[in-house]
Structure formats: structure tokens, C-alpha cells
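S.K.: Below, each chain spelled out in residue letters.
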Amino acid sequence: MRAKALFTYLGLTLLALFLAAPFIWMLLVSLHPSRSPIPELSALLPQNWAWENYGIVLFRTEIPVGRFFFNSLFVSAVVVAAQVLVCGMAGFGFARYAFRGREAVFGLFLASMMFAGAVTQIPVFLMMREWGWLDTYAALIIPGISSAFNVFLLRQFFMAIPQELEEAARLDGASDFHIFARLFMPMARPAVATCAAFSFIAVWTDFFWPLIATQSQDMRTLEVGLSIFRAGYGTTNWPLQMTAAVITLVPVLLVFLALQRHFVRGVTLGGIK
Amino acid sequence: MSGEPGMKAMAKAGLAQPAIKSLAMGPDWIPGPDTPIEQRYPANRIATDQAVPYVVLPPTADYWGEVSGLVFSKTESIYSGSATAEQALTEGNRIATARLETILKEDQLPAFNWNIGGVVGLALFAAALAWVYFPERGKTRTKAEKAEGRTSLLFLAPWIIGTLLFTVGPMIFSLLMSFANWDIIQPAEWRGMGNYQEAVAQDARFWQTVKVTAVYTIFSVPLGLVVSLLLALLLNVKVNGMPVYRTFFYLPALASAVASSLIWRKVFQPEGGLLNVLLFGADGQRNFLGLASWLGTDGQLPNWLGNEQLALPSLIIMSLWGVGGGMVILLAGLQAIPDFYYEAATLDGAGLWQKFKVVTLPMVSPALFFTLITGVIGSFQVFTQGFVMTQGGPNDATRFYMLHLYDNSFGNLRMGYASALAWLLFVVVLLVTLVQWRLNKLVYYEGAE
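The listed protein sequences derive, respectively, from chains E and W. Take the first sequence: its letters are residues 1 to 273, numbered as in my numbering. Take the second sequence: its letters are residues 1001 to 1449, numbered as in my numbering.
Bound-form chain E, shown alone (with noise of 0.2 Å):
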């Protein structure tokens, strides 16, 4: 039996090692000095570590990568806030009031935010130039707050939470909205952590809008910024390169082990149910 365990874990570790293997190599190569070439892999431990590596590419080169951290962070936490907030309000709506064609308006809103995809980008487009926000922080929130997933995920919270729990705050005499607020949401909060890290990881990685929705190198997100690094630092400067992707990669990193427990419960939810 103790052979057998022994086994598992032998070939769990060494799987864990195989996936982890391009992680480790690019933080690896990212620590050795700017313009080295490329490691051998004998020599992949760096021999004097070069930390000041993630100093040069935040503060000190030509591509504003600070600049890109703050825009994705920026842009990241609104969208999350509002998110939160907008579709809390819808799941409730949705979840705990009845009205005409309730059925059929979520379907129909869940089905074309799903299906949607590349249709809606170009008009969307168009309509924030003829706004004029393109190459705004507006245009890089505002279109993406309203979220199919999160009124799934709390609408299928909310419609679980009893509803005694509302009737007897309503004979208190809360209002509608302080039901919401104060007792639907706090009671929903591994909900709404799942939400908010779905939502974060989303927005953080989210490629293709930023990339037509912004212009000028300034209003750059990390993930945009991140793919002129190959021309950026020169093809051949790998270290750089490499700090700019783990740069990209940490804060992702942390959302996920800050909230892992809701994390695989909103893949479970939303998969499952």
C-alpha cells in the first residue's frame, strides 16, 4: 500500500513538473543578466541572479511597462466593481421577482452575450470612435461591465438562499434595496468572490478589445504591451522578454491563490448546473 502511495505521488510530482516546466524556465531565464543569450540547459540556474532585471523593465525602458501595470490594474478593478455590482443586481432581479417574460429575457440576453463574440466587436467599435472614447480608459470598461456568466452564477446563488430569510426582513421593513444589500450579498459572498476573480482574470488576459479599443502606447494594457516585447527589447534579448511575461503573470497568479477555493467552485457551478 505505502509502495503504491509512494507511486502516486512520484507520478503526480513528476506531471507537476512536466506542466510546470516552461514556467520555471521562463522565470529561470528571466533572472539571468539582460541581453544574455539563451541558457543552456545545464546552465539554466543564473549565476549571479539578476533581480534588477524587473526593475529595468517596470521603470526604466523605452516600453512604459509600469505604465501597462497600472492600465490593466486600473481597468481590471473597475470592471470588477461594477460587474459585481450590476450583474448582483440583475441575479437578483432575475432570481427573486417575478415579471412578464422572465424566462425568456434571460435566455435570450445569456444565449446572445455567449454566442456574440466577434458580431459585436466591430459595431462596438464603431460606436466608441463615433463617441470619441476610443483610446480611453471608458471604452476599455464600459462595454465589458454588463456579464452573462455572473447573473448565472449569482442568480443560481440568490434562488438558493431561502425565502423566509426576505419575508421576514420585509416585515421588518427593509426596503428592496436593503435587502439586496445588506442581505443578499453578504450571504452571497463566496458567489461574488468567484465572480469577481472570473471576471478579473478575464478582463486581465483579454486580448483582442484592448487591442482595437486602444492606440496610443499610454493607454496600452499589460497583455497588448505585452506582445510588441518581441520588438521591443530586440528579438534576442530573452531575460527582458521573459520578466515582462512573469511580470503579467504574478498578479493573475495571486487572484488565483487568494480565491482558489472559490475559483474551482465557479467552474464548478458554472460547469455543472
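Just so you know, these hints were derived from the structure itself, not from any lab. Note that the structure is predicted; figures quoted are calculated from it, not measured. Please note that the accuracy of each hint is not assured.
[As the list claims (entries may be wrong)] Derived CB-CB ranges, DEER-like:
(1) Asp1339/W with Ile161/E: 28 to 34 Å
(2) Ala181/E with Gln1436/W: 38 to 44 Å
(3) Leu1109/W with Ile161/E: 54 to 60 Å
(4) Phe59/E with Gly1241/W: 37 to 43 Å
(5) Glu52/E with Tyr1341/W: 55 to 61 Å
(6) Asp1062/W with Gln260/E: 48 to 54 Å
(7) Met1193/W with Gly55/E: 55 to 61 Å
(8) Ala111/E with Glu1136/W: 15 to 21 Å
(9) Glu1145/W with Gly11/E: 55 to 61 Å
(10) Leu1352/W with Glu167/E: 50 to 56 Å
(11) Val1215/W with Ala181/E: 47 to 53 Å
(12) Leu1233/W with Gln156/E: 25 to 31 Å
(13) Val1226/W with Ala77/E: 35 to 41 Å
(14) Ala1214/W with Ala160/E: 36 to 42 Å
[Unchecked claim] Using 30 Å as the maximum straight-line C-alpha spacing, the simulated DSS-like pairs for lysine-lysine come out as follows:
(15) Lys1021/W with Lys1008/W
(16) Lys1357/W with Lys4/E
(17) Lys1238/W with Lys1357/W
(18) Lys1238/W with Lys4/E
(19) Lys1355/W with Lys1238/W
(20) Lys4/E with Lys1355/W
Beta carbons are placed, not taken as given, at the ideal position from N, Cα and C, and that holds for glycine.
Once you have looked at the hints, place chain W on chain E.
M.R.: Coordinates of chain W only, in the frame set by chain E:
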């Protein structure tokens, strides 16, 4: 400095050719036999005159970029050696001429009538509204129910406004646009079914991109399903420390397409890239499993992304790295299977494979189904890998459908045509999903009959 005296002075100094013809032909600009020798220079006085017959002005037509791009799109195959210069240029010339003929033939299209367009758009919207309300039109509602409906609207309003403004409205707009010829600079023109017809019947690249996207989907989605199921099964063993492993297995799925493209470009790099070093050794001499001869690279290290045959398979391999999302879903499905199912199967004398076939697979099929659908939808719309890693090359071998759409909309500014492409994609995704939904009957749902 203008006017005759100014021009004369400039001409004498050899600075600028006079815009007045008599001056331009006169000895101030063109040296004649009487021009003193020191005024015959600078030489550009003569140069302009002599160069004029050889000046070729590039076409200024706004479709020049698009049409010449069609010729140049074929030159890549010359560099890679898969076609001779003559073949490539003849082919490029043929498609460019065909496109040019269409453009010239459609020179005088009627203007796009936005009023009619608006009416049609509103009608479509009204139809959707009617579809929503029709089934419940007969219901009478009490006063309390009506009040409830009004309150709900307060909660729903922001989300509905957002969705109408940025999803539903644009969808209708884009449907209208798909019948237009519009470069967003000139007024839009009505093209009827022309965009759709062009995509299906004339645009040679369209079918190439469909092929690339289909091959990518056919290989990456099922392979991804198998791999994520295997990983999930592995993770479902009950040992300590499982969350740590789960995190490690999920890690690649967290990497954005750009970040992983950046890493994998280096992995696939011919000289010193991780993959080639692992397969062929640091000196490139080792021949792992005889791969070098099998890949047909004749003793050279395979240039994964630069080779027409290897580029798309490379991207498929890369896609397998990010199967963590599916794995987490499947793992949740596996963990929901009650132990006594397996115990019962063991009592019946079922072996490992039997248990997998009779218990695991049916029980996990809803999760598999969901992973399949989202996988297909995602893979039809894959863009970033092709954009960042290969720019659609070599010779269009990785030109995904979305890349073609992007080139047409934001490269050539053919918004109408790109909208038609988007709608074709939309319809195909919808149809494929519906077909899969039909197959959904094969899926076992616990508690359902």
C-alpha cells in the same frame, strides 16, 4: 516665398522647381547653352528634368493596399521554397486581379439607406420583444405582481441597458452592416448579399482560414478533452496534498494567451529552444526516437513555427498545455460520484476498465459535454496565438478565421465584409452547438429518466 520673383530665386538657387510652366522650362531651372557654368549646378536641376519619364506614381486608390497585399501574401511561399517565384506571383496576380475586377465592377453601388436600415433594425428588435412577451400575453396579473415587476426593473435596468447597448444593439447593427460596403471613411454602400457571396465563392483565403480553424478545432478539442480527463482521473486519487498538485496542474490555464505565446515562442525556437534542446540535445546531434528523419527536416533542427507543415501542429500541442480549466470541471464531476457506485461495481466483479466504462464515464458525461461545448466555441474564435506567435504565417498555415476577420476589419477597413464574416462564424458556432445539444441525449444526467 511665392510668386514669380520668389520662384525664380528658388530656381536659381536650385532649391525648388518653379510651379509656373514658363519658368520651369526657362533657363532659370533648366540650364541652357547660355547658362553660365557655375549656375548649371546643383545637379538636381537636371535630375528632375531627366527623371520625370521614369517616375511611377503609386496608385492612390484606397483599395491599393488591399489588392497589392493579395499579391504579396503569396511571396512567403517563395522564401520557404514551396513555390517558385513565377508560380507564386502568377497565383498572387490571379487572385489580386479577380478582387480588383470585383472592386471596379462594384464602383457604382447605391448608397446604403440608413433610414431603411434603422426601420429594419427596430423591426428585428420588436420581433425579439414580441417573442419574449407572446407566450405570456394572456396572463392577467394582480396589482402586487405588477408592482413586483416594476421593482425588478430597477434591479435589472443597469444590466439590461448595458446588454442592449453593447450586445443586442451592436448585433443588429452588425447584421445590417454585413450587407454593406463600408470603409468608415466614405459613406456606406448597399452591397446586398455580395459580402456573403464573396466570402464563400471568391475569397480564396476564406476557405484557407476555415480549414486552419477546423483542423485546429478537430485536433485540439478532443485531444484536450482526453488529456484533461486523464489529469482529472489522476488527481481524483485520494492522497494528501492534492490541492497543491491541482494548483500546479491548473497553472498553465491561468497564463494568458499572450504570456503563453511569449513563452512558447521561445520553447519552439529552432536554435536553443526548450523543445529542440530536449529532443535533440544542446548540440542538436541527438535524434530522439528518430524524430528528425520522421519530421523530414533532413538533419536540420525543426523550425516548429516557421515550417508550413509543423506550425499548426505546434499550436495544437501548445493548446494542450492549457487544459487545466477543463480538468477542474471534470475533477469536480469525478468527485461528485458516490463511492458506493464503485463498491457495487467491485462486488459485481468489474475490473478497472469496466468500472471506468460503466460508472465513471456516464457519471462524468455532463461535465465532459460542457467542456466540449465551451472548448469548441473557444477554439472557433482562437486569435491571439496566431496573431502573436506566427502572424498567420508561414504562407497562411496558421491564419485562423478571426485573424482573417481582423485583417479585413481593422487592416483593410472593410467593415461590411468583416461583419459578414463575423455573422458566418456566429451561425456556424450556433449550429455546431445545437448539434451538440442534440447529441446531449447521449449524456447521462443523474435523476433524469
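S.K.: Indicate, hint by hint, whether the structure satisfies it.
M.R.: Hint by hint, here is what the structure shows:
Range check, Asp1339/W to Ile161/E: Cβ separation about 30 Å, and the 28 to 34 Å hint holds. The beta-carbon spacing between Ala181/E and Gln1436/W, approximately 40 Å, falls within the hinted interval of 38 to 44 Å. Between Leu1109/W and Ile161/E the beta carbons are some 57 Å apart, a value that agrees with the proposed interval 54 to 60 Å. Evaluation of the 37 to 43 Å hint for Phe59/E and Gly1241/W yields a pass: the beta carbon distance comes to about 39 Å.
The hinted window of 55 to 61 Å between Glu52/E and Tyr1341/W holds, with their beta carbons roughly 57 Å apart. Taking the beta carbon of each, Asp1062/W and Gln260/E are about 52 Å apart, inside 48 to 54 Å as hinted. Distance hint check for Met1193/W and Gly55/E: the Cβ-Cβ separation is about 58 Å, which falls inside the suggested range of 55 to 61 Å. As the Cβ distance of Ala111/E to Glu1136/W is approximately 19 Å, the hint placing it in 15 to 21 Å holds.
A C-beta distance of roughly 59 Å is found between Glu1145/W and Gly11/E, which places it inside the suggested range of 55 to 61 Å. Distance hint check: the CB atoms of Leu1352/W and Glu167/E are about 52 Å apart, consistent with the given range 50 to 56 Å. The beta-carbon spacing between Val1215/W and Ala181/E, approximately 51 Å, falls within the hinted interval of 47 to 53 Å. About 27 Å separates the C-beta atoms of Leu1233/W and Gln156/E, a value consistent with the hinted range of 25 to 31 Å.
One distance hint, 35 to 41 Å for the beta-carbon pair Val1226/W and Ala77/E, holds here, with the actual separation near 38 Å. Distance hint check: the CB atoms of Ala1214/W and Ala160/E are about 41 Å apart, consistent with the given range 36 to 42 Å. A hinted pair counts as satisfied when its Cα atoms are at most 30 Å apart, and Lys1021/W with Lys1008/W qualifies at roughly 12 Å. Among the hinted pairs, Lys1357/W with Lys4/E is consistent with the structure: their alpha-carbon atoms are about 23 Å apart, no more than 30 Å.
The suggested pairing of Lys1238/W with Lys1357/W holds, with an alpha-carbon distance near 20 Å, which does not exceed 30 Å. A C-alpha spacing of about 12 Å is found between Lys1238/W and Lys4/E, which places the hinted pair at or below 30 Å, so the restraint holds. For the given pair, Lys1355/W sits about 17 Å from Lys1238/W by alpha-carbon distance, which is consistent with the 30 Å threshold. For the proposed pair Lys4/E and Lys1355/W, the alpha carbon gap of about 20 Å is at most 30 Å, so the pair holds.
The structure fails none of the hints (numbered hints given earlier).
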